[in-house]
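Participant: The lines below spell out each chain.
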Amino acid sequence: MAAKEEVKLLGFWVSPFVLRVEWALKIKGVKYEYIEEDIFDKSTLLMELNPVHRKVPVLVHDGTVIAESFVILEYIDETWKQNPLLPQDPYQRALARFWAKFAEEKIFEGAWNALCSQGEEKQKALQQTIEAVETLEGELQWKQQFFGGESIGYTDIILGWISYYLPIWEEVGSMKILDPVKFPATVAWINRFLKHPVIKDTFPRREMMLVYFHQRSEALGSTSHGWLRV
Amino acid sequence: MAKSDVKVKVLGTWSSPFVMRARIALNIKSVNYEFLQERLWEGKSELLLKSNPVHRKVPVLIHGDKSICESLIIVQYINEVWSFAPSILPSDPHERATSRFWAPYLDEKWFPSLRTIGVAQGEDARKAAIAQVEEGLLLLEEAFGKCSKGKPFFGGDQIGYLDIAFGCFLGWLRVTEKMSGMKLLSISKTPSLLKWADRFCSDIAVKDVMPETEKLAEFAKMIMAKMRGAAPPK
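If you read the protein sequences in the order shown, they are chains A and B.
Residue numbers 1 to 230, in full-length UniProt numbering, belong to the letters of the first sequence in order.
Residue numbers 1 to 234, in full-length UniProt numbering, belong to the letters of the second sequence in order.
Honestly, I wouldn't trust all of these hints.
[Unchecked claim] Among the chain B residues that face chain A by a calculated CB cut under 8 Å, a handful are:
(1) Val54
(2) Glu70
(3) Ile73
(4) Glu80
(5) Phe84
(6) Arg96
(7) Tyr105
(8) Ile204
Honestly, the hints are just simulated from the structure, not real lab data.
Ideal placement from N, C-alpha and C gives every residue a C-beta, glycine not left out.
Please take these sequences and the hints and turn them into a complete structure.
Facilitator: Right, here's the structure in full:
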């Protein structure tokens, strides 16, 4: 019925933010063209499409440009109505958005900062991250399968990076965060997430990620900084 | 209106721009609510600790037995529960995405820089903060042109999500201008935003919740004095 639509995704092979968008598009069954961007040598295309942040992911849908993974996910959910990512009920939607924001601010940023810093700063970031995972554990113990219920939803997609990236960051940064004894519900959620047909086999190769994050954490760790965003 | 039997409360402070977002959204929807003022300097109330155990921050919207936290999540909740017109978010997904796009930029980059201007340690830090704020205002001036399409607000004829997300900071922007003696919004660089700011602040949904610049300036001086003399931050 609809004319053939064109969906393009500008991404970077190891970006967890880009992966989120890919998962959302796959869940919706939307075909897209993936365009690899070298974020260390940014193309004019990226600069034109996302002049404010100059970052990936950027989604281009029939000429419409959307940036920021959280914003793209809501756009995808509103544009393609099949397999909803957010619940229908306004309160449940508020909760989904709340936990996604929490996970991003406290766990993602915490773990990334712990990875890229040393000494006291690292310990502080690590402690805050572990406390945040404790809070998450409290939520997850009530969930049957996923935050989205029987199927993966918005919050699962936002949080999904911890299933694969966090163990790698733990290794690179010599840190221990995902303790299966302390966080059984979180680890169980991770295992279910990794096995999901849409998710498995979407991650980059582990060896390549280890090399990449070793290099990044060294490069960033050598400059003094406060909390930084990826 | 439906749901009028269910009590609506906002936990917050008169000076917080984030709290203002929730109140403006409720005003747009003509929803009556009780405003419960937290006296944060005296410690957090039981109700705040109970209704927002994760962050222990304002604003919190209490709707019957539900608590909703995080200002923009609250604004979207209000728009979805009281789903009659006027809508706070545009109906077109792309326009919605554009509105949503600016919010993290404002909250994570622009407003922190604005706050830094008053308390920056050293001239370099101050200059960097001012530059960030001015750059942001130029970007938003351009965004206003695209979003408003010649109409009075980012949201068009009425105040919308991005008006609320950005407009709530106007009180603090005016305080910063007053205390630093600089003009951040100007006829030469941000003519559209300058006019928009006046329209926003005098809008019926905003004027009773936007604090007076004088009062906010006094409050800012008090906080800065406390910060200079006080114990380490919490």
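Participant: Taking the hints in turn, state whether each one holds.
Facilitator: Outcome of the hint check:
no.: 1; hint: Val54; verdict: holds (6 Å)
no.: 2; hint: Glu70; verdict: holds (6 Å)
no.: 3; hint: Ile73; verdict: holds (5 Å)
no.: 4; hint: Glu80; verdict: holds (4 Å)
no.: 5; hint: Phe84; verdict: violated (13 Å)
no.: 6; hint: Arg96; verdict: holds (7 Å)
no.: 7; hint: Tyr105; verdict: holds (7 Å)
no.: 8; hint: Ile204; verdict: violated (25 Å)
Figure legend: structure checked against the earlier numbered hints; hints not met, in rising order: 5 and 8.
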